[in-house]
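Residue numbers (numbering that gives the first Met the number 0), protein chains in the order written: chain A, 0 to 569; chain B, 0 to 569.
Quick caveat, the hints were computed from the structure, so don't treat them as lab data.
Don't take every hint at face value.
No copy is singled out in the list; a pair is fine if it fits within one copy or between any two copies.
Calculated lysine-lysine pairs in the DSBU-like style (CA-CA distance at most 35 Å, straight line) [to be verified]: (1) Lys137 x Lys478; (2) Lys507 x Lys137; (3) Lys507 x Lys58; (4) Lys284 x Lys144; (5) Lys489 x Lys428; (6) Lys220 x Lys282; (7) Lys489 x Lys257; (8) Lys293 x Lys276.
In this text, all values refer to a predicted model and were calculated from it rather than measured experimentally.
Protein chains: 2
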Amino acid sequence: MSSDTATAPPPVDEISALVLKDSKEATFSQRVLIKTIVSRDDGGAGLAGEVVRVGGWVKTGREQGKGSFAFLELNDGSCPANLQVIVDAAVAPLAQLVQTGTCVHVEGEIKLPPEGTKQKIELRVRKVLDIGPVDPAKYPLPKTKLTLEFLRDFMHLRSRTNTISAVARIRNALAFATHTFFQKHNFLYVHTPIITTSDCEGAGEMFQVTTLINESERIEKELITNPPPSEADVEAAKLIVKEKGEAVAQLKSAKASKVEITAAVAELSKSKENLAKIEERSKLKPGLPKKDGKIDYSQDFFARQAFLTVSGQLQVETYACALSSVYTFGPTFRAENSHTTRHLAEFWMVEPEIAFADIQDDMNCAEAYVKFMCQWLLDNCFDDMEFMVKTFDKAAIDRLRLVASSNFKRITYTEAIAILEEAIAKENKQFENAVEWGIDLASEHERFLTDVKFKSPVIVYNYPKGIKAFYMKVNPDNKTVAAMDVLVPKVGELIGGSQREERYEVLKERILEMGLPIEPYEWYLDLRRFGSVKHSGFGLGFERMILFATGIDNIRDVIPFPRYPGRADL
Amino acid sequence: MSSDTATAPPPVDEISALVLKDSKEATFSQRVLIKTIVSRDDGGAGLAGEVVRVGGWVKTGREQGKGSFAFLELNDGSCPANLQVIVDAAVAPLAQLVQTGTCVHVEGEIKLPPEGTKQKIELRVRKVLDIGPVDPAKYPLPKTKLTLEFLRDFMHLRSRTNTISAVARIRNALAFATHTFFQKHNFLYVHTPIITTSDCEGAGEMFQVTTLINESERIEKELITNPPPSEADVEAAKLIVKEKGEAVAQLKSAKASKVEITAAVAELSKSKENLAKIEERSKLKPGLPKKDGKIDYSQDFFARQAFLTVSGQLQVETYACALSSVYTFGPTFRAENSHTTRHLAEFWMVEPEIAFADIQDDMNCAEAYVKFMCQWLLDNCFDDMEFMVKTFDKAAIDRLRLVASSNFKRITYTEAIAILEEAIAKENKQFENAVEWGIDLASEHERFLTDVKFKSPVIVYNYPKGIKAFYMKVNPDNKTVAAMDVLVPKVGELIGGSQREERYEVLKERILEMGLPIEPYEWYLDLRRFGSVKHSGFGLGFERMILFATGIDNIRDVIPFPRYPGRADL
Numbered sequence: 000m001s002s003d004t005a006t007a008p009p010p011v012d013e014i015s016a017l018v019l020k021d022s023k024e025a026t027f028s029q030r031v032l033i034k035t036i037v038s039r040d041d042g043g044a045g046l047a048g049e050v051v052r053v054g055g056w057v058k059t060g061r062e063q064g065k066g067s068f069a070f071l072e073l074n075d076g077s078c079p080a081n082l083q084v085i086v087d088a089a090v091a092p093l094a095q096l097v098q099t100g101t102c103v104h105v106e107g108e109i110k111l112p113p114e115g116t117k118q119k120i121e122l123r124v125r126k127v128l129d130i131g132p133v134d135p136a137k138y139p140l141p142k143t144k145l146t147l148e149f150l151r152d153f154m155h156l157r158s159r160t161n162t163i164s165a166v167a168r169i170r171n172a173l174a175f176a177t178h179t180f181f182q183k184h185n186f187l188y189v190h191t192p193i194i195t196t197s198d199c200e201g202a203g204e205m206f207q208v209t210t211l212i213n214e215s216e217r218i219e220k221e222l223i224t225n226p227p228p229s230e231a232d233v234e235a236a237k238l239i240v241k242e243k244g245e246a247v248a249q250l251k252s253a254k255a256s257k258v259e260i261t262a263a264v265a266e267l268s269k270s271k272e273n274l275a276k277i278e279e280r281s282k283l284k285p286g287l288p289k290k291d292g293k294i295d296y297s298q299d300f301f302a303r304q305a306f307l308t309v310s311g312q313l314q315v316e317t318y319a320c321a322l323s324s325v326y327t328f329g330p331t332f333r334a335e336n337s338h339t340t341r342h343l344a345e346f347w348m349v350e351p352e353i354a355f356a357d358i359q360d361d362m363n364c365a366e367a368y369v370k371f372m373c374q375w376l377l378d379n380c381f382d383d384m385e386f387m388v389k390t391f392d393k394a395a396i397d398r399l400r401l402v403a404s405s406n407f408k409r410i411t412y413t414e415a416i417a418i419l420e421e422a423i424a425k426e427n428k429q430f431e432n433a434v435e436w437g438i439d440l441a442s443e444h445e446r447f448l449t450d451v452k453f454k455s456p457v458i459v460y461n462y463p464k465g466i467k468a469f470y471m472k473v474n475p476d477n478k479t480v481a482a483m484d485v486l487v488p489k490v491g492e493l494i495g496g497s498q499r500e501e502r503y504e505v506l507k508e509r510i511l512e513m514g515l516p517i518e519p520y521e522w523y524l525d526l527r528r529f530g531s532v533k534h535s536g537f538g539l540g541f542e543r544m545i546l547f548a549t550g551i552d553n554i555r556d557v558i559p560f561p562r563y564p565g566r567a568d569l
Numbered sequence: 000m001s002s003d004t005a006t007a008p009p010p011v012d013e014i015s016a017l018v019l020k021d022s023k024e025a026t027f028s029q030r031v032l033i034k035t036i037v038s039r040d041d042g043g044a045g046l047a048g049e050v051v052r053v054g055g056w057v058k059t060g061r062e063q064g065k066g067s068f069a070f071l072e073l074n075d076g077s078c079p080a081n082l083q084v085i086v087d088a089a090v091a092p093l094a095q096l097v098q099t100g101t102c103v104h105v106e107g108e109i110k111l112p113p114e115g116t117k118q119k120i121e122l123r124v125r126k127v128l129d130i131g132p133v134d135p136a137k138y139p140l141p142k143t144k145l146t147l148e149f150l151r152d153f154m155h156l157r158s159r160t161n162t163i164s165a166v167a168r169i170r171n172a173l174a175f176a177t178h179t180f181f182q183k184h185n186f187l188y189v190h191t192p193i194i195t196t197s198d199c200e201g202a203g204e205m206f207q208v209t210t211l212i213n214e215s216e217r218i219e220k221e222l223i224t225n226p227p228p229s230e231a232d233v234e235a236a237k238l239i240v241k242e243k244g245e246a247v248a249q250l251k252s253a254k255a256s257k258v259e260i261t262a263a264v265a266e267l268s269k270s271k272e273n274l275a276k277i278e279e280r281s282k283l284k285p286g287l288p289k290k291d292g293k294i295d296y297s298q299d300f301f302a303r304q305a306f307l308t309v310s311g312q313l314q315v316e317t318y319a320c321a322l323s324s325v326y327t328f329g330p331t332f333r334a335e336n337s338h339t340t341r342h343l344a345e346f347w348m349v350e351p352e353i354a355f356a357d358i359q360d361d362m363n364c365a366e367a368y369v370k371f372m373c374q375w376l377l378d379n380c381f382d383d384m385e386f387m388v389k390t391f392d393k394a395a396i397d398r399l400r401l402v403a404s405s406n407f408k409r410i411t412y413t414e415a416i417a418i419l420e421e422a423i424a425k426e427n428k429q430f431e432n433a434v435e436w437g438i439d440l441a442s443e444h445e446r447f448l449t450d451v452k453f454k455s456p457v458i459v460y461n462y463p464k465g466i467k468a469f470y471m472k473v474n475p476d477n478k479t480v481a482a483m484d485v486l487v488p489k490v491g492e493l494i495g496g497s498q499r500e501e502r503y504e505v506l507k508e509r510i511l512e513m514g515l516p517i518e519p520y521e522w523y524l525d526l527r528r529f530g531s532v533k534h535s536g537f538g539l540g541f542e543r544m545i546l547f548a549t550g551i552d553n554i555r556d557v558i559p560f561p562r563y564p565g566r567a568d569l
């Protein structure tokens, strides 16, 4: 893979024209995308006279002219705008077509509407190819405005709403922007593992992955239908082995024929096999398998305890220490019993890792990446962003423009504390959480820096080592580590990163200092033992980026299938 | 996101020239990529005289001229080729530099080597910026050729080898090709859930995700240090509640002062709280929580039994039935006790789903996608493919060319059976597995079709419904379903897909026919109840595609961190 494989896309209308020109149907499906008609600069007017097939779901429909024809607002998810479709009563049963949620697949002619109407184009249907009807009495998503909270009970249908489909397009755009950005800069995409045996920091907040429960239930059932052998059964089987053994010995000492001895030996091994089986079954017990009072994970699928990953960082470092610039983009998990609007049990993270890079390079990369995503949305999702501005957050587009165009303010943690202290002393600013060197910045502090003091994204770096992870590079002052957080308006911390400690001795000391065991980190220490390299990286919470972009308040609404305590629908 | 956002990249040398021109360092790290020097058309010769910084790991090194200088073959993972680096003894300690695995970060001048040497370019070092040394006595990856099997014990270091790093680049290229293909065709990338509560087909082969074991161990520990209350404790607490209640009643009937009554009521509620706590603690038992003899999953994190997904298909269908053309690309899991070279417990799948598309559209999409990936590798990873041809599979490049350029042969299952039967009858072909209408094709049958009969990829479609899943569209013959498998040389089945049954009644009947419960599929049936749409999709095993491309034999070597029975390193 080489760099610059993906460049900025040509304007939507050019592509649309091409798609329409090449064929009357979207590739691999029997229709053109509604976006290729309505998202043109001319609103589709230049296509008047063309005959096309479209498919989609009716947003609203109404019969007109005493039931002689119907207007349908048709949406196929390719863009926020609907296509106005007109069907004559002679063509299809209108009462069925006009119901919200109905799927229709039609062929028709693109026409200019009468002057004075707001549509620039409409589709006059010649043939209805297919209808997927809806019984409005039973359909859970009526035309009325529904709250996002209400929609969370209809996980399988909520993508049919304007908001959730706009979020889906923005999410898709940010994901592709992510790949484009890193590929362009020659980073290799590495799939770090989902199931892990190595994150041993916070096992309490990790989901366990196991086949033990399933297996123990299987055994429990088995033992009910087929009880385990008693001790007497085992003794009896042992006796048989003894007898058969003696028989062999006798035959041998009696110099019996080879045939006789072979037969006796065969019987002996059969009795031994039988004993082994009986002994094994006699050990079967209901419940999870135990050894020395602890659960015996040697019997689990991976022969040890396994968890869902909380971050791909440590693993992706093994690739950075060989392939230089890499990134991972995948799901991560936290079993925290957290019910906030900012936390999920399953969420996606983007984690680049760069060899021959220090904390300054890391900040440069983080800033460029966030700016790239903001500009990408402005260039590629403007209609969806306009919807967000209209519906959720007036400032959403301005925020993207601000971040895409302004340099991120960079201050050290020590400077950040001084700024907060000054605000308290000179401006009588009140914070709920005390401010002093050594604290973890609370979100009220972060908000003050981004929203009040600098009115721009802020990168805070060089944090006290006491509040940061063991793998972060200790600075020469021996008090701080080369860590950095990117704070943005609206969501606060968007990115956390650091230069990694590449010195073997220092890293080992830090692990011990934190009270962590060395053994599970031996492989991580190996990266410093052999050909160690200065390297840095960061993690971006992908859903936080979507919250930042859209202005939506609850993280449960920006991931297709949210998982949180008590809920994992579908 | 609009279509055609990513087009074929400009030639590597153009980009390289640009990168070098713009800055002397790779973006976000303090060096230029070795690829930008050695992968130019002129092999780097045009850069003679330029001063650059590079970083990488020493593949091989040797001291020359009686220790007056050293040659290093330096690789930074950006391409398979090494850069030849020359260091004078005056610049750095050579004995340390020449060890295989050493990390070096240097500044030097690009020079034309003396005529007659095989390199087109070399780097004459002026300054050594950093060294990450290696003790050759301890380094597990010596210069000698190591087997892939051996390397599986060094998961954290194996990406430093030629083979695993070439696989990493090919894997990265195929992942980006995948996104590029689907984005280009206006598909939206949807993140389907990893943790699922809805795949109820084969729970036996699914990994369970739980916090119950952790929680039960916590309780067990707790009960040892702090034994649960006895029945007598509970009774005593109940008695206190009774007394406090009576006290309140007495004060009320005695018309005592408000202050007195309030105080007594407060004491009553305190005693009630205490009782509730004691009763709850008295219920604590070691082991997993049970209710009616079964494990009580209402106490698990998601308040029900949860698993790792085996496929994102059913969930991504909810998005296809709203946004028309979508795809998912993520990890999937099987807890099969399978020790073959073709199975992993954790693997990645690409699953597009297309509305208004039938089985023909589905086959068109699958064929175009596979061809696109093959051409992408030829265009973007040719040097890595040459390495594969040299090392693993002479036919690897020819295979890509064949697939990229030839039309896939399409035959029905019934035709496939006829072809196999004819081969048996007329050519005396012997198969281990009997051939008759209704069987699942074995890999020997598939291989016969791709490698012997057609010498090209083959798509077999319209399979007997008895051997396929419930959600596949029943054909008018009522005997077959609109399913299709893409078979390719070398790996056999690469893709499996189908048109989905969009008729509510037929789908429901199929679920019942298969002996599956209806309730867990109600949401899936809803997609057919409300605005149902003709739709189709398929799944491609991403690691199989890499096996196909590289010619590597074992699937454990084409994923960065393989998971299989007994192993989940890192």
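Outcome of the hint check:
In the homo-oligomer, the alpha carbons of Lys137 and Lys478 lie at most 35 Å apart only across protomers (33 Å), although the nearest pairing inside one protomer, at 64 Å, exceeds that limit. Within a single copy, Lys507 and Lys137 get their C-alpha atoms only as close as 63 Å, which misses the 35 Å cut-off; across copies the closest is 18 Å, which meets it. Taking identical chains as interchangeable, the C-alpha atoms of Lys507 and Lys58 lie at most 35 Å apart only when they sit on different chains, with a minimum of 27 Å there against 61 Å within one chain. In this assembly of identical chains, Lys284 and Lys144 lie within 35 Å of each other by CA distance neither inside one copy nor across copies; the values are 56 Å within and 48 Å between.
In the homo-oligomer, the alpha carbons of Lys489 and Lys428 lie at most 35 Å apart inside one protomer (20 Å), although the nearest pairing across protomers, at 70 Å, exceeds that limit. For the identical chains of this complex, Lys220 and Lys282 are neighbours both inside a copy (15 Å) and across copies (25 Å), given an alpha-carbon limit of 35 Å. Taking the shortest Cα distances, Lys489 and Lys257 never come within 35 Å of each other, neither inside one copy (88 Å) nor across copies (50 Å). Within a single copy, Lys293 and Lys276 get their C-alpha atoms as close as 25 Å, and across copies as close as 28 Å, so both meet the 35 Å cut-off.
Violated hints for the displayed structure, listed by number in ascending order: 4, 7.
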